[in-house]
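Q: What follows is the residue order along each chain.
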Amino acid sequence: MSSSAHPADGDLRALLDGELPPAQRVEVEQHARTCAACRARVAALESAAQETAALLALLPTAAPDLRIETIVSRARAPRLRWGVIAAALALVVASVAGATVGRPYVRALVVRIRAVVHPESSAPPAPSPARGGQVGVAFIPGPQADISFDAPQSSGAVYVSLADTAKLVIDPSAAVTYRVHPGGVVVHNVGSSASYDIVVPRNALHVRILVAGRVLFEKAGSRVTAPAPAEPTGRYAFDVR
Amino acid sequence: MSPESFDDAFHALFVERSASLYRYVHGVSGDPALSEDIVQECFVKLHRRRAMPDDPRAWLVTVANNLLRDAQRRVVRRRRLTSAWSTDLPLGGAAPQPDDPALAAERIESVRRALDKLSLRDRQLLLLRHQGYRYQEIATALELTRSSVGTMLVRAGEAFRKAYHELFGTSR
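Residue numbers (our numbering), protein chains in the order written: chain A, 6 to 246; chain B, 3 to 174.
Do not rely on the hints blindly, as some may be mistaken.
With a straight-line cut-off of 20 Å between C-alpha atoms, the simulated SDA-like cross-links for lysine to any residue are [stated by the list, open to error]: (1) B:Lys164 - A:Glu56; (2) B:Lys164 - A:Gly15; (3) B:Lys47 - A:Ala80.
Honestly, the hints are just simulated from the structure, not real lab data.
Generate the whole structure from the sequences, applying the supplied hints.
A: Below is the structure:
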């Protein structure tokens with residue numbers, strides 16, 4: 006802009022907003038000092054901007070109580086990935102083919118795909134021996150999945166969240182051992198004081214959490230029974246007792 | 003960035019920006035539930051990223067705009083269903099008082115409808131600036147040049163005020 010040319014409205018608006026680069030700001034301010042038309046234009050733009058702001062201020066300003074815990078929990082929940090979906094579909098197809106044809110290479114393929122779908126569980130799904138202490142376990146629940154704790158704990162809690170995921174995840178605060186079987190998982194927790202974050206797939210048909218054979222939590226379809234109502238975040242919390 | 007410093011930065015950004023991002027998204031969409039979902043999803047995506055973008059505030063707006071675009075068709079359909087709302091206000095009778103709740107509601111509805119008459123770009127510009135975003139952040143989020151933001155704000159403001167006065171009238 007030469008000193009005699011009038012600044013564009015956009016530059017005057019940027020000047021009002023304090024957004025003009027320093028060198029340009031000096032130039033525009035110098036021009037406006039000697040140009041009554043530009044001073045009037047600046048006043049008009051300021052008035053218009055204030056009216057716009059006043060009108061927009063009429064819109065509702067109350068934001069909902071967004072909770073960072075909910076966001077972090079959602080971010081950490083395992084996601085259903087297309088690879089797993091594709092592998093699961095392939096498993097169904099290959100299982101049918103395997104049962105029908107029974108050729109060795111088809112059976113081998115079924116075992117390999119199963120390892121993708123159930124990476125943490127043993128395949129074939131026969132009862133497996135207890136493994137060494139491990140941090141967590143994840144598996145795709147069948148029509149009914151029981152999470153059975155061997156014993157009550159003097160301390161430690163279970164936190165259950167429902168999520169749009171495929172896998173049921175048990176994430177303890179300290180390593181325990183598990184035995185995964187077709188009907189769920191046994192948690193060998195004798196002497197442990199761990200707490201457990203458990204993510205249950207929202208579409209799981211029937212999931213129970215038992216401590217020494219006593220049912221503490223049950224999800225049957227969309228109906229949930231728990232020792233205490235869900236927290237505001239939707240999470241259920243109860244002791245391992 | 004270490005996990006601890008990411009978590010600290012994430013927490014600070016959430017505290018600083020979640021409410022204003024919500025108000026921006028709500029201003030663009032007019033849908034509180036959708037806005038809450040979108041803001042949550044923005045922060046979920048950021049948390050999964052486990053690294054701060056170069057311009058986190060602009061990044062959040064870009065993600066929100068992408069989610070808004072995905073939802074736009076549903077929002078338009080929903081708003082068509084509720085567009086008769088202001089005609090349900092009492093008609094005739096005594097002249098409205100300045101603090102008349104019906105008049106206040108009509109004024110707010112006129113602001114909402116005036117925004118809806120704007121192009122999506124103009125609506126985004128006005129609402130981002132109204133929420134205190136800087137020109138560079140607006141330029142990054144809307145893929146504009148920084149030097150064009152002032153001019154576009156002037157034009158968007160003119161279009162908005164014109165639409166508002168057509169809807170609400172200037173004689174009241």
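Q: Decide, hint by hint, whether the structure agrees.
A: A quick look at each hint next to the structure:
1. Proximity of Lys164 of chain B to Glu56 of chain A is assessed by CA-CA distance (about 12 Å); at most 20 Å being required, the pair is judged to hold.
2. Pair hint Lys164 of chain B plus Gly15 of chain A holds up; C-alpha atoms about 19 Å apart against a cutoff of 20 Å.
3. The suggested pairing of Lys47 of chain B with Ala80 of chain A holds, with an alpha-carbon distance near 7 Å, which does not exceed 20 Å.
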